[in-house]
Amino acid sequence: MKILVCISSVPDTTAKISFVDNDTAFDKSSVTQIIGPYDDYALARAVELKEQVGGSVTVLNVGLSDTEPQIRKALAIGADDAVRIDAEPSDSYFVAEQIANYAKDKSFDLIMMGRETTDYNSGVVHGIVGQMLNIPSLSPVMELELDGNKAKISREIEGGKEKIEAALPLVLGCQEPIAEWKIANMRGIMSARKKPLEVLAPLGEALSQVDKYELPPAKGDCKIIPAEEAEKLIELLRNEAKVI
Amino acid sequence: MNVLIYAETAEGTFKKTALEAIFYGSKVAEKTGGKSIVLAIGPGEQAEMAKAGNYGAEKVLHAQGDQLDTANIAAYAEVLVAAAQKSEAELIVTAKSSLADAVTARAAGALKAGIVGNVTDLPDLSNGFKVKRSIFTGKAFAETTIQSPTKIVALKKNAVSAEASTQTAEVEGFSVDLDAGLFSTKVVETIKAKGEVPLPEADLVVSGGRGMKGPEHWQPLLDLAEALGASTACSKPVSDMDWRPHHEHVGQTGVKIAPNLYIACGISGAIQHLAGVNASKVIVVINTDPEAPFFKAADYGIVGDVFEVLPKLTAAVKAL
Chain A
1 MKILVCISSV PDTTAKISFV DNDTAFDKSS VTQIIGPYDD YALARAVELK EQVGGSVTVL
61 NVGLSDTEPQ IRKALAIGAD DAVRIDAEPS DSYFVAEQIA NYAKDKSFDL IMMGRETTDY
121 NSGVVHGIVG QMLNIPSLSP VMELELDGNK AKISREIEGG KEKIEAALPL VLGCQEPIAE
181 WKIANMRGIM SARKKPLEVL APLGEALSQV DKYELPPAKG DCKIIPAEEA EKLIELLRNE
241 AKVI
Chain Z
1 MNVLIYAETA EGTFKKTALE AIFYGSKVAE KTGGKSIVLA IGPGEQAEMA KAGNYGAEKV
61 LHAQGDQLDT ANIAAYAEVL VAAAQKSEAE LIVTAKSSLA DAVTARAAGA LKAGIVGNVT
121 DLPDLSNGFK VKRSIFTGKA FAETTIQSPT KIVALKKNAV SAEASTQTAE VEGFSVDLDA
181 GLFSTKVVET IKAKGEVPLP EADLVVSGGR GMKGPEHWQP LLDLAEALGA STACSKPVSD
241 MDWRPHHEHV GQTGVKIAPN LYIACGISGA IQHLAGVNAS KVIVVINTDP EAPFFKAADY
301 GIVGDVFEVL PKLTAAVKAL
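Going down the list, the sequences are from chains A and Z. Mapping of the first sequence onto the working numbering: position 140 corresponds to residue 140, and the numbering continues sequentially without gaps. Mapping of the second sequence onto the working numbering: position 185 corresponds to residue 185, and the numbering continues sequentially without gaps.
Note that these hints are calculated values from the structure, not bench results. All values reported here derive from a predicted model rather than from experimental measurement. Possibly wrong hints are sitting among the right ones.
[To be verified] Cβ-Cβ distance ranges computed for the label pairs, FRET-style: (1) Glu228/A to Glu30/Z: 47 to 55 Å; (2) Thr24/A to Pro245/Z: 40 to 48 Å; (3) Pro290/Z to Glu88/A: 41 to 49 Å; (4) Thr70/Z to Asn239/A: 40 to 48 Å; (5) Val20/A to Asp121/Z: 17 to 25 Å; (6) Pro217/A to Gly229/Z: 25 to 33 Å; (7) Leu146/A to Pro293/Z: 36 to 44 Å; (8) Glu226/Z to Lys150/A: 39 to 47 Å; (9) Gly160/A to Ser175/Z: 25 to 33 Å; (10) Gly229/Z to Glu240/A: 17 to 25 Å; (11) Leu146/A to Arg210/Z: 32 to 40 Å; (12) Val53/A to Gly181/Z: 20 to 28 Å; (13) Glu240/A to Ala315/Z: 16 to 24 Å.
In this text, a Cβ means the ideal position worked out from N, Cα and C, and glycines have one as well.
Take these sequences, add in the hints, and give me the full structure.
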């Protein structure tokens, strides 16, 4: 089983977001970067599958050199080798093009990633990669079992889920509960230092660009209703907020 | 600029978010002097399809047939690409959803189209094509210019208020020769949660956190939800502990929701939870801890015990 796991480097989910350079750039200096939470699920399941059926897990990240701690963490968790495409992941199409270009002649059985990144939330990279490689893409995938060359998948749909059978190769956008996140142990961290990390130049151009960022307006004060008069809330929701 | 709107249907009728996308796409077409064409895929009566005209569409291309009864991402994308080519669309609009994301992504790959999601406003066309979109799960916005000749935008729910007229649209059957290879993935079972509005679609949501003290104590929350006709949700710790099913988990790594009313019961309001619910129009927080951070994001708050407050609210709703 040959698996490619694509990871993003995103701010910690508890991070407060701020911008610099006249609101034209995200301020990375005050936040901790992590592997995208959904990508972490994809990575954990890929490592489990390798342990079950053998094969290899390659990690790919589109990012500048400051993402290497996240790549090394993925290697410590159990990936065998890694590739970094040396570019800002500025646009979904551009990122997908880097992944497809790398994967096109390497016969991966599975290309796995998170359903979306938690910074730009687009949730489309897996689909673009699938189209570019002319193989099926499925997302959001909650369960994945392999039976030879066939995958049994459970995909979330609005208000339920679909069970799908599909032949490999596949591109999958993953989410919980596909696997439990894995934590790197000391042996993994030590071995990750020696695992190969190839750096490649990007190809192609972004099709969109961010011109400016802004924060949402501050929220107004919360109107507190005494607990003993809780029923007044319903009247306010009906007559003041007009939502019921 | 001709605009093609991929409008999702559920059981033969347009979803509310699809109507928002039709309204948005038609406004852009009107602004630019182009045509507004809707693509609907799957079963649906002609009279329902014609309702796309209420929201500004001139024409509906309706693709249906056995192969398209069940959503198939690759096949639906192929139909979307063919419809974009037929209608000479420079812009494809849809409403963000797990299916629309998957389908439009493949179309973007085929059409070499710049694609952005969670769009919150009509585009600024004064210098190229610039849209505002929500990023960092609602913690910020980005003004984004799409440079490619064909562009795809996915609207965030409730981003526009769709106003209906009495106009109807012309409905035209649309068929595409679909290669058997597109159906290499096969849906073997569909499991739907019964009797509930899917959370991303819900207008009213009642949600519980660790303050509910265990799955056996959920009944007061369910009673309020039933009285309101609301969907139920929960925080991540609650679904992690299996108190409630995973599909009810709302937050940054769960389902993102944008209801008119979100009632949070016994949820302190961690930043990850807020990120998934901050698009709600009105937020109500019920918590014993007056210092709970959620009160800072709420419109209305009750500092009190959920088990005393919830029955009072249910009774008040029933008395309306």
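Here is what the structure says about each hint:
1. The hint said 47 to 55 Å for the Cβ distance between Glu228/A and Glu30/Z, and at roughly 53 Å that hint holds.
2. Distance hint check for Thr24/A and Pro245/Z: the Cβ-Cβ separation is about 42 Å, which falls inside the suggested range of 40 to 48 Å.
3. Between Pro290/Z and Glu88/A, the C-beta spacing of about 44 Å keeps the proposed range 41 to 49 Å intact.
4. Distance hint check: the CB atoms of Thr70/Z and Asn239/A are about 44 Å apart, consistent with the given range 40 to 48 Å.
5. The supplied range of 17 to 25 Å is met by Val20/A and Asp121/Z, whose beta-carbon atoms lie about 24 Å from each other.
6. For the pair Pro217/A and Gly229/Z, the beta carbons lie near 30 Å from each other, so the given range of 25 to 33 Å is met.
7. Range check, Leu146/A to Pro293/Z: about 43 Å between beta-carbon atoms, so the 36 to 44 Å window is met.
8. With their beta carbons about 42 Å apart, Glu226/Z and Lys150/A fall inside the hinted range of 39 to 47 Å.
9. Checked against the hint of 25 to 33 Å, the pair Gly160/A and Ser175/Z passes, with Cβ atoms roughly 29 Å apart.
10. The hinted range of 17 to 25 Å is satisfied by Gly229/Z and Glu240/A, whose Cβ atoms lie roughly 20 Å apart.
11. A C-beta distance of roughly 36 Å is found between Leu146/A and Arg210/Z, which places it inside the suggested range of 32 to 40 Å.
12. The beta-carbon spacing between Val53/A and Gly181/Z, approximately 26 Å, falls within the hinted interval of 20 to 28 Å.
13. Separated by about 20 Å at the C-beta atoms, Glu240/A and Ala315/Z satisfy the suggested range of 16 to 24 Å.
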